[in-house]
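As given, the protein sequences belong to chains A and B, one line each in that order.
With the numbering used here, the residue at position 131 of the first sequence is 131, and numbering never jumps.
With the numbering used here, the residue at position 366 of the second sequence is 366, and numbering never jumps.
For the record, the hints were derived by calculation from the structure and aren't laboratory data.
Predicted, not measured: the structure shown is a model, and the values here were computed from it.
Errors might be hidden in some of the hints.
[As the list claims (entries may be wrong)] The list that follows gives simulated cross-link-like pairs (lysine-lysine, DSBU-like), each with its CA atoms no further than 35 Å apart:
id : chain 1 : residue 1 : chain 2 : residue 2
1  : B       : 194       : A       : 260
2  : A       : 42        : A       : 29
3  : A       : 234       : A       : 154
4  : A       : 234       : B       : 171
5  : A       : 244       : B       : 108
6  : A       : 116       : B       : 171
7  : A       : 260       : B       : 108
8  : A       : 58        : A       : 234
9  : B       : 108       : A       : 119
10 : B       : 108       : A       : 116
11 : B       : 194       : A       : 119
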Amino acid sequence: MSFKKNLMYMFSVVYLATMFLSAQTPEEKGLEIAIDADERDKGFGDSSSELTMILRNKQGDESTRQMSNKTLEVENDGDKSLVIFNVPRDVKGTAFLSFTHKSGPDDQWLYLPALKRVKRISSDNKSGPFMGSEFAYEDISSHEIEKYTYKYVKDENLDGVDCFVIERYPVDENSGYTKQVVWIDTDQYRSMKVVYYDRKNSLFKTLTYHEYNQYLNKYWRANKMSMINHQTGKSTDLLFNDYKFANGFSESDFNQNSLKRAR
Amino acid sequence: MKNFLGAFILLVVLWSAKIYSQELSGFAQVQLRYYPLSPLDERQEGTGFSLAIQPELYYNFGGSPHSLLFTLFLRYDQHDQERSHYDFRELFWLYYSDNWEISAGFRKIFWGVTESQHLVDVINQTDFVENFSGEEKLGQPMINFIYIHELGTLELFLLTGFRERTFAGEKGRFRFTILIDNENPEYESSAEYKHIDFAIRYVNTVGFFDFGISHFVGTSREPRFTPIDNPEGEPYIQLNYDLMNQTGLDVQLTTGSWLWKFEGITRHTRGRRFYALTGGFEYTFSNISSTGIDIGILAEWLYDDRDQFYFPPNPFSSHLFVGSRLAFNDVQSTQILAGAIVDYEESGIYPSIEASRRVGESFIVNLEARAFYNTEPGDLLYFFRRDNYLQLEILWYY
Chain A
1 MSFKKNLMYM FSVVYLATMF LSAQTPEEKG LEIAIDADER DKGFGDSSSE LTMILRNKQG
61 DESTRQMSNK TLEVENDGDK SLVIFNVPRD VKGTAFLSFT HKSGPDDQWL YLPALKRVKR
121 ISSDNKSGPF MGSEFAYEDI SSHEIEKYTY KYVKDENLDG VDCFVIERYP VDENSGYTKQ
181 VVWIDTDQYR SMKVVYYDRK NSLFKTLTYH EYNQYLNKYW RANKMSMINH QTGKSTDLLF
241 NDYKFANGFS ESDFNQNSLK RAR
Chain B
1 MKNFLGAFIL LVVLWSAKIY SQELSGFAQV QLRYYPLSPL DERQEGTGFS LAIQPELYYN
61 FGGSPHSLLF TLFLRYDQHD QERSHYDFRE LFWLYYSDNW EISAGFRKIF WGVTESQHLV
121 DVINQTDFVE NFSGEEKLGQ PMINFIYIHE LGTLELFLLT GFRERTFAGE KGRFRFTILI
181 DNENPEYESS AEYKHIDFAI RYVNTVGFFD FGISHFVGTS REPRFTPIDN PEGEPYIQLN
241 YDLMNQTGLD VQLTTGSWLW KFEGITRHTR GRRFYALTGG FEYTFSNISS TGIDIGILAE
301 WLYDDRDQFY FPPNPFSSHL FVGSRLAFND VQSTQILAGA IVDYEESGIY PSIEASRRVG
361 ESFIVNLEAR AFYNTEPGDL LYFFRRDNYL QLEILWYY
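Let the sequences and hints guide you as you build the complete structure.
See below:
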């Protein structure tokens, strides 16, 4: 009798658990993970860093880019960012101002120091290479939740780190990708690896994140991002130095006048 | 030439002052120009070389909002003494706060959105000996105040002194058959080059629109050319700089891969008024077939209703510009801009091409060609009909 009762109990537990789990589709779980990762990065306020980009071709020849980056978190919209180029020397002083938006196209301006000219540019070109590198513009711009749809795939151990594996699909038809497979660590919700599939759904690029550091006891930033293009054999390393938070940036550091005097 | 030597000494002094500045950058350039056609006037030289340097010193006062910037430009030309020249492109102090900015000294200011000509852009004088394009400018002394508000940015300019346009000398190309007297321009203002000009500009971004409204009161940067005889009975060209009031509007609409551009001006000078406009678009096919290559298509209409004999002439009064911009987005940043301005009322066709590519980490190679086809007598560009050229530049950036 008591056995039967227990069995009944067990069945109902399993039934309820199944009900609960099946209530969350893989799409919902994928979105939930993305939102959770995004929530953990909220409130950073502002940040600045020095970037070095090392471009390698198939033969291993290297070319270097240097730039500095300032970012301002904007409540209820995408971040504002300012990138100032320093190397190669012919583009020194060239600066790029971007207002990302959760929905609709981003606003972008380019400052050309030789002409002292600020140009509003089209943000449609998401898939093109950034500074001749293997990073596309869309890879380095701020990742807003609304720019993708999501699907949870599985849990997987990646080089000793427990990860969620999710797929995200760009909403924008100008994206160069059909799909990105992302490994996010289950403990801190940091991106560990992204595999990109091109418009023909062929394997395109792999991005790996290295040397994570924590800032303000909360926010994780990788010191190095490595992008390998499987189709061309070219690769780019993006190295971050001198990460600073709480710089006290405001909107006035991200307008066309600050773009002109940026150094 | 004395001035030239002075500039050179100054440069050496600056070089040694480098240790006090926080940043020294700039370029050195070798330029070769090939003119396939013999000149109109036998005194004019053709193919030759030219050297230029442009050091830039920047000093920031210990991370404060005060800074100093100095950009010197110095060119030596093999043939043309007038093209061998120097200029303080920039020499100014700047202070900025959250919502305002002030600067004083020699500066370069750009206004506008179009590509084929820059009607609205009137602050700086054109350094015409540098290039026919008019993109090269002389440093303008000014006090500039900028106020930034959420309803837009207001810019005020007090322009403390006039710079004369540079023109080719006896041996140079891109000149009239009679020589310009560069030494004795005539000014409408009795204050001559000391006349103080004012300018005001309001700029804002509203959604997909970026626009600017500007007004300028002062001496026109464009001269009139008056042929007269000197006491010896030889003809020469007198430059006349008149006072003017010019209101300008520039608008760009950025939507998808389209950039729609418009610039319009209305100018009152010599007791009369005229207007002019440039309008068109730039459409970009980006990352074509995932090659990383962008191809842009540009078209602009250039219209000017001015009386070419009463006002300073503008050769582009009923013209169309069509062109293409090719960006390879490769490691060497290879780019090509090719196009032509076509006179749709007369027969003139003026093609040009500019290409550039980085070599190694710090060299840039530029190729430029320009031609003047089917020009007709009476057209200002008729004088340049034998000045087609091919130019190679090698620049070293440091």
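Do the hints match the structure? See the list:
no.	hint	in the structure
1	B/194 with A/260	holds (29 Å)
2	A/42 with A/29	holds (20 Å)
3	A/234 with A/154	holds (30 Å)
4	A/234 with B/171	violated (51 Å)
5	A/244 with B/108	holds (33 Å)
6	A/116 with B/171	holds (32 Å)
7	A/260 with B/108	holds (11 Å)
8	A/58 with A/234	holds (5 Å)
9	B/108 with A/119	holds (16 Å)
10	B/108 with A/116	holds (7 Å)
11	B/194 with A/119	holds (33 Å)
When the structure is compared with the earlier hints, a violation turns up for hint 4 alone.
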